[in-house]
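> Count the sequence shown with the numbering used here and you get residues 50 to 131, in order.
Keep in mind the hints are simulated off the structure, nothing from the lab.
Even for Gly, the Cβ is constructed at its ideal location relative to N, Cα and C.
You can take every hint at face value.
Each computed BS3-like pair below joins lysine-lysine, with the alpha-carbon atoms no more than 25 Å apart:
1. Lys-64 / Lys-54
2. Lys-83 / Lys-68
3. Lys-68 / Lys-54
4. Lys-75 / Lys-64
5. Lys-64 / Lys-77
FRET-style restraints, in silico, Cβ to Cβ:
6. Ile-91 / Lys-54: 50 to 60 Å
7. Leu-89 / Ile-69: 26 to 36 Å
8. Val-95 / Ala-63: 46 to 56 Å
9. Ser-106 / Lys-75: 31 to 41 Å
10. Ile-55 / Val-92: 49 to 59 Å
11. Ala-78 / Thr-101: 32 to 42 Å
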Amino acid sequence: MATNKIERIDREIAKTREKIAEYQEKLKALEAQKTEAENLEIVQMVRAMRMTPEQLSAMLSGGMVPGVSADHTEQEDNAHEE
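Given only the sequences and the hints, what does the whole structure look like? Please build it.
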């Protein structure tokens, strides 16, 4: 009887390990999908700004965007907040 109980527990352990492995794979796939969606969103935002590669580089390095005044940027920010 004790052996039967141990075997049942061993089967349950094996089943649980399989489910854990499945969930880890599912989690990995979902994280990859999220990263891809975030990247696509970033690309769409950059394209919507119609920046040249040089302007994008300047913005990402923390500099001002050539051809865009600080007032223009503040107006756009305020428009998004409303």
